[in-house]
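For the protein sequence lines, the chains are U, G, Z and A, in the order given. Numbered as in the working numbering, the first sequence ends at 399 without a single skipped number. Numbered as in the working numbering, the second sequence ends at 399 without a single skipped number. Numbered as in the working numbering, the third sequence ends at 399 without a single skipped number. Numbered as in the working numbering, the fourth sequence ends at 399 without a single skipped number.
Calculated from the structure, these hints are not laboratory results. Fair warning: there could be bad hints in the mix.
Which copy? The list can't say, so a pair holds if one copy fits it or any two copies do.
List of simulated lysine-lysine pairs, DSSO-like, C-alpha gap at most 27 angstroms [what the hints assert, rightly or not]:
1) Lys-370 <-> Lys-380
2) Lys-192 <-> Lys-115
3) Lys-380 <-> Lys-278
4) Lys-91 <-> Lys-115
5) Lys-380 <-> Lys-337
6) Lys-91 <-> Lys-370
7) Lys-278 <-> Lys-192
Remember, predicted model here, so these are calculated numbers, not experimental data.
Listed below are the residues making up each chain.
Number of protein chains: 4
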Amino acid sequence: MDGHSITMLGTGLIGDFYTNTLHSQRGRDRVRMVYSRSPERGAAFRDRWAIPESTTDLAAAVNHPETDVVVIGLPNFLHEEAISLVAAAGKAVLCTKPLGRTAEEARRMLETVEKAGVFAGYLEDLCYTPKSLKAVASVRAGAIGDVTWVRSRETHPGPHSAWFWDGRLTGGGAIVDLGCHCIEIIRNFVGKGNRPLEVLCHTDTLVHPIADEDNAVALIQFESGAIGQFEVSWTFRGGMDLRDEVAGTHGTIWMNHFLRTGFEMFTTGGGSGYIAEKAETSAGWLFPVGDEVSELGYVDMFSDMFRAIDEGRAPQETFYDGYVVNAIMDAAYRSAKARAWEPVELEWRGGSTPRIASTPELYERQVVIKREVLPDGRQKLILKDPTSGDFSDRVIEAG
Amino acid sequence: MDGHSITMLGTGLIGDFYTNTLHSQRGRDRVRMVYSRSPERGAAFRDRWAIPESTTDLAAAVNHPETDVVVIGLPNFLHEEAISLVAAAGKAVLCTKPLGRTAEEARRMLETVEKAGVFAGYLEDLCYTPKSLKAVASVRAGAIGDVTWVRSRETHPGPHSAWFWDGRLTGGGAIVDLGCHCIEIIRNFVGKGNRPLEVLCHTDTLVHPIADEDNAVALIQFESGAIGQFEVSWTFRGGMDLRDEVAGTHGTIWMNHFLRTGFEMFTTGGGSGYIAEKAETSAGWLFPVGDEVSELGYVDMFSDMFRAIDEGRAPQETFYDGYVVNAIMDAAYRSAKARAWEPVELEWRGGSTPRIASTPELYERQVVIKREVLPDGRQKLILKDPTSGDFSDRVIEAG
Amino acid sequence: MDGHSITMLGTGLIGDFYTNTLHSQRGRDRVRMVYSRSPERGAAFRDRWAIPESTTDLAAAVNHPETDVVVIGLPNFLHEEAISLVAAAGKAVLCTKPLGRTAEEARRMLETVEKAGVFAGYLEDLCYTPKSLKAVASVRAGAIGDVTWVRSRETHPGPHSAWFWDGRLTGGGAIVDLGCHCIEIIRNFVGKGNRPLEVLCHTDTLVHPIADEDNAVALIQFESGAIGQFEVSWTFRGGMDLRDEVAGTHGTIWMNHFLRTGFEMFTTGGGSGYIAEKAETSAGWLFPVGDEVSELGYVDMFSDMFRAIDEGRAPQETFYDGYVVNAIMDAAYRSAKARAWEPVELEWRGGSTPRIASTPELYERQVVIKREVLPDGRQKLILKDPTSGDFSDRVIEAG
Amino acid sequence: MDGHSITMLGTGLIGDFYTNTLHSQRGRDRVRMVYSRSPERGAAFRDRWAIPESTTDLAAAVNHPETDVVVIGLPNFLHEEAISLVAAAGKAVLCTKPLGRTAEEARRMLETVEKAGVFAGYLEDLCYTPKSLKAVASVRAGAIGDVTWVRSRETHPGPHSAWFWDGRLTGGGAIVDLGCHCIEIIRNFVGKGNRPLEVLCHTDTLVHPIADEDNAVALIQFESGAIGQFEVSWTFRGGMDLRDEVAGTHGTIWMNHFLRTGFEMFTTGGGSGYIAEKAETSAGWLFPVGDEVSELGYVDMFSDMFRAIDEGRAPQETFYDGYVVNAIMDAAYRSAKARAWEPVELEWRGGSTPRIASTPELYERQVVIKREVLPDGRQKLILKDPTSGDFSDRVIEAG
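Modelling step: build the complete structure from the supplied sequences, incorporating the hints.
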């Protein structure tokens with residue numbers, strides 16, 4: 001049962017989540033070395049998670065002789081440099097979301113790892129939440145028919161660290177921070193081979209005194225006809241709202257990953273301690289989650305990554321996926337500026353997906369628009385005359 | 001305690017809902033005469049609701065000597081003729097939604113009633129749901145600060161009557177049927193004096209073999225900067241989904257009017273009978289509502305209408321509101337065609353609304369982007385240097 | 001459309017709820033006179049609800065020449081005197097819950113109205129919530145098979161008025177205040193002709209420095225074998241929790257009447273005003289209800305009462321029902337003292353109800369304990385050998 | 001990162017759950033050998049979970065030279081024999097719930113492992129659900145004040161295997177199957193050092209043609225005054241209902257572990273496959289859970305067990321806990337028979353717990369029963385005169 005020995009780059013909130021996940025339960029993989037730009041934060045992180053070593057030397061961290069996997073939990077503008085170092089070291093690299101600040105940057109990172117021939121995983125945790133994994137499997141098994149519309153929503157009152165707010169370092173605002181999650185969730189439901197064609201996006205800065213968007217909504221048109229809709233905000237009040245809704249021709253899926261998961265607590269405020277990520281209050285009605293790293297997908301994400309390394313296969317989320325996400329975000333920003341639909345520009349590796357289509361049912365040479373079962377068991381048909389275009393009702397016996 | 005004597009025009013589902021509401025509980029208003037294009041449906045309706053008379057003569061119904069109020073529950077393409085007759089008769093007129101098929105048609109109806117000087121109410125029930133009324137009052141009282149975004153969603157598997165599916169008779173598809181509700185709900189939350197400037201809309205026909213849209217999503221830009229977002233569908237599976245979500249600078253409101261209201265039933269299917277509007281199944285887990293006409297706003301809507309008549313004041317929802325809704329829907333259809341934002345063209349009677357704005361807080365000459373309370377009681381500030389545009393964190397003592 | 005003219009006795013919270021209901025929407029019944037022990041509270045109530053007159057003279061209020069119905073919203077210890085006066089006046093009397101402090105007192109009031117031959121209604125609002133009415137109708141229609149267990153729960157942080165806390169004036173603690181609701185809800189679901197045989201009850205005073213119980217749980221054994229379970233508390237934190245759960249042989253019903261009804265609001269606390277009965281906070285996550293008097297059953301309750309008067313029939317909830325409730329509460333107190341089951345002592349007017357029973361299905365001369373459908377469509381039977389008493393599994397083809 | 005090598009005894013549903021958990025994610029512990037009474041079931045299980053060996057020889061399985069931990073997933077009547085074998089082998093033993101069929105049997109097993117000096121863990125998964133672990137931690141941190149009442153509910157339509165239905169093999173019915181979970185959940189919330197004194201229980205066989213109870217409800221009186229209430233049923237319709245509710249003097253916790261966890265799916269039935277444990281339907285509205293073995297506590301349970309072995313400490317759930325649970329169940333059965341409270345007879349190793357008590361607050365020499373904040377900021381006090389016992393209201397300024 002040999003595990004992996006890991007170099008962790010970065011000691012922010014995401015580094016904590018990653019290491020907490022890796023070191024939790026009966027995991028066999030361990031962080032061996034941690035890199036931080038600050039010696040103090042590095043030492044504190046090392047002690048907090050019982051890691052043997054910390055350093056402020058990025059190259060030394062990447063090239064640590066005992067580690068075979070490097071996890072990148074650094075701010076967006078530092079991904080490219082780190083990935084180049086890891087590729088040069090010939091180690092497996094797992095990079096946090098978003099992959100790049102732009103599709104162009106992401107494409108370069110993709111080329112780097114492909115040239116080097118190293119394993120590269122895209123750490124998109126929210127595609128791995130237990131609910132999402134089961135829901136995607138149900139969709140694949142046909143439980144809701146053809147997917148027509150996927151809504152993914154991620155909102156909270158704004159990030160905890162300063163660099164998130166600086167578009168020069170991140171590539172944008174709430175879309176780059178949160179929309180990247182939503183886009184990849186949507187792709188998992190409509191199918192990764194389903195080409196994203198165009199994007200229609202609106203962005204606005206409604207509350208915070210910043211240059212980048214603190215609210216955005218966008219539509220993605222896929223080749224099958226399915227629509228992906230994402231909603232992101234840094235101005236939501238009440239905690240962190242993570243919901244996905246999938247509509248199909250024969251069913252519906254609703255998932256709430258965080259703020260309403262069957263755990264409710266009222267307190268007059270006597271206790272203390274951490275409630276949940278982005279929680280706004282510590283008294284009144286609170287809505288914790290059970291096991292945060294499990295509910296947010298970190299556990300299943302790392303299992304997939306390390307198993308993929310062990311099995312010599314690609315993980316569910318690859319650098320190519322990260323590149324597609326960046327390409328869609330680029331189109332979103334262009335659309336918001338153009339105030340109109342904009343094409344998604346990307347080097348497409350997926351195949352072609354046919355249009356959602358059904359041969360309309362006929363009844364006595366009329367097109368059946370809808371069937372309803374009446375309380376007495378008979379059926380009501382709504383019919384369209386293909387010649388005149390007129391609509392009519394008809395009640396018929398069952399069968 | 002004198003009530004009103006009513007002529008009801010139309011005997012479809014909406015006529016049943018209206019009359020059920022008027023004749024329920026201890027109401028003092030009664031339907032005296034009902035008009036139907038079909039004598040059989042008219043007679044059945046008359047008997048079902050214990051109404052003294054039915055007729056197939058529209059003018060006779062409107063001019064019945066004992067009624068003082070006429071309620072229009074007819075298909076869209078018959079509204080204008082009916083309103084003209086009622087205006088000529090000098091009676092109060094209450095017209096179902098949408099007012100017209102286009103803003104131009106709605107404007108003519110508005111002129112008709114204004115010239116005749118008759119009371120005219122727009123029967124927009126979903127603006128009167130008990131939850132909406134209380135939520136709007138909370139918003140007015142400042143409970144969530146400035147409204148930034150309102151999402152209103154109405155979806156179900158498609159209408160019950162044939163004429164709904166014929167865009168020639170209705171003016172469109174799911175937008176005209178359902179979007180009109182959402183638009184007016186949104187206006188109640190952002191404020192009716194808040195001018196709708198532009199609309200961005202996407203429509204698609206994903207499932208039904210019809211010419212008009214069975215799915216649509218749109219954004220409405222209001223003068224204050226607030227965004228209204230509506231989502232409508234005739235392809236939703238699982239019942240009828242009516243949800244409104246309001247985001248403000250200091251709070252959030254979530255309302256579920258139909259499918260998740262605290263009433264859940266599992267049945268192996270032994271019972272029988274009506275479950276709820278647009279319910280799809282009669283076995284398994286079902287989600288009825290308690291008092292449907294109350295939860296859907298009909299009770300409060302008619303109370304407001306008849307009180308407004310008695311008190312000589314305008315009701316909450318007027319023909320002018322109906323006209324604004326049509327103008328926004330027209331812009332939505334133009335936008336969907338143009339694939340870009342389109343202006344709302346209307347004769348604006350509201351005033352001007354200032355932009356949502358707050359003077360940014362300063363801390364030692366830096367702009368405060370966000371304040372977070374840490375577990376130990378201290379505060380973490382995210383600051384922006386107004387000169388360099390750089391962001392930084394600062395932890396300070398509380399106070 | 002003639003309504004009724006009412007004398008209202010009492011100006012506490014319940015008087016407000018009653019009058020608010022009667023004067024709301026398009027109701028045709030009006031309070032004509034209000035009685036209060038305090039002239040100030042009487043005058044304030046009169047002005048609040050636009051009532052023509054108030055008085056401190058109980059007999060004058062009851063005998064007001066223009067009223068034909070008297071509503072009693074007085075503390076428990078004043079019910080008997082008021083009912084005697086109304087009966088002597090020959091008017092219809094509607095009395096709030098609980099009818100008496102003991103079954104003996106309730107029996108005397110029942111005799112008083114029966115001797116006088118006046119209409120007497122028991123104002124048990126929670127049996128009339130829209131959800132309950134629809135759920136009871138579903139149960140009657142067979143939707144969940146035979147009722148096996150009914151749980152009714154009513155808890156909050158304690159009453160608002162001093163007299164509620166004084167067992168000498170009320171007859172007890174949380175059972176008398178809240179359990180009376182639960183018992184009658186349970187009776188509506190198991191059937192009012194289903195005789196309550198025995199009660200097992202536990203009471204405790206866990207938080208408040210009072211002599212009576214602030215927490216209780218009880219089981220009621222009905223003749224059919226069905227169990228009623230009620231849970232009441234004056235120490236619940238977080239608002240008012242009103243839930244009913246009904247288990248049947250073929251289904252389940254869950255109802256939440258107050259704290260989770262599809263209306264959720266987060267506020268940082270900027271707004272103001274009344275949130276909901278027994279709400280504990282005005283910031284953070286709040287859970288208002290839409291139309292409180294409708295959701296709590298007051299609207300349907302008064303509709304039934306006044307219609308029953310108009311139609312010369314008994315209402316759904318009668319003084320006899322109030323007497324049965326008191327008899328069950330008496331048994332509960334005796335059981336809590338005896339720490340064992342105690343019989344319900346009452347003059348039973350209902351009939352006899354057969355035991356819930358089903359003839360066990362047989363499969364090859366074995367008793368079928370359970371059938372499960374396997375994923376492959378086959379069925380798994382759990383069988384019991386009637387001779388040996390041994391259990392075994394068997395997988396068979398469907399059909 | 002060395003893990004443990006395990007002998008698994010039993011190949012039923014629980015063996016699947018256990019092995020699924022152990023072999024999932026990045027776990028470092030592996031099942032090395034599986035024992036089944038049936039060679040076919042053993043081989044199938046072995047192949048399903050990629051286990052090296054299976055056997056029908058219990059002693060050989062226990063004494064496998066490479067395993068150091070034995071997990072018992074056998075029917076209740078086989079626990080004692082298996083535990084004796086493992087103790088003799090000197091290996092760590094982890095036994096499924098309930099430990100014994102009676103307290104006497106459980107006490108013997110406890111003695112066996114204590115005499116042998118082997119590690120012994122009680123596999124009570126539902127005490128380890130992520131929500132429960134976080135909730136217990138919140139309670140310990142004081143978030144809800146003193147615990148006053150804990151309700152734990154576990155119900156479903158009945159077990160999948162024949163032996164569960166045979167009280168001779170299990171020790172009883174739904175209490176032995178499900179109540180054992182609830183009792184230990186309750187103990188975790190009230191504190192394990194809080195002695196259970198007495199039990200009041202009602203059992204009934206309402207639906208299934210069996211000799212043991214298919215429904216039961218019970219109260220457990222703890223030394224602190226706290227009440228534990230458990231509700232179990234084998235006749236619930238709609239899936240598996242797992243809910244825990246904790247009431248405290250300053251707060252409330254509600255947990256739903258299974259049927260309402262923020263994952264909702266509607267399907268017309270086209271798909272296929274496993275939905276969730278005890279699910280009753282595969283069409284209509286379904287409520288899956290995300291990661292079943294995580295949500296049901298198996299992951300955290302095994303982590304605690306193996307860490308405890310590695311660290312040489314006791315696990316959270318020990319054989320002594322299993323013995324206490326049996327003692328409480330024995331008292332429940334005695335109480336149901338006696339129809340009255342019965343003492344819990346057990347060898348108590350915990351200490352003594354003081355009665356929940358608070359010194360009543362005084363205001364001008366009167367006892368404060370309740371404080372309410374009024375909308376205008378003033379406070380309303382309900383006071384009790386300690387001499388007369390009379391209650392009164394008083395409104396005072398805040399502060």
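Tested hints:
1. Lys-370 <-> Lys-380: within (8 angstroms within a copy, 37 angstroms between copies)
2. Lys-192 <-> Lys-115: Close inside one copy (23 angstroms), not across copies (59 angstroms); limit 27 angstroms.
3. Lys-380 <-> Lys-278: between (50 angstroms within a copy, 13 angstroms between copies)
4. Lys-91 <-> Lys-115: within (13 angstroms within a copy, 52 angstroms between copies)
5. Lys-380 <-> Lys-337: Neither way: Lys-380 and Lys-337 sit 48 angstroms apart in one copy and 34 angstroms across, limit 27 angstroms.
6. Lys-91 <-> Lys-370: This pair counts as neither: shortest intra-copy Cα distance 57 angstroms, inter-copy 39 angstroms.
7. Lys-278 <-> Lys-192: neither (30 angstroms within a copy, 33 angstroms between copies)
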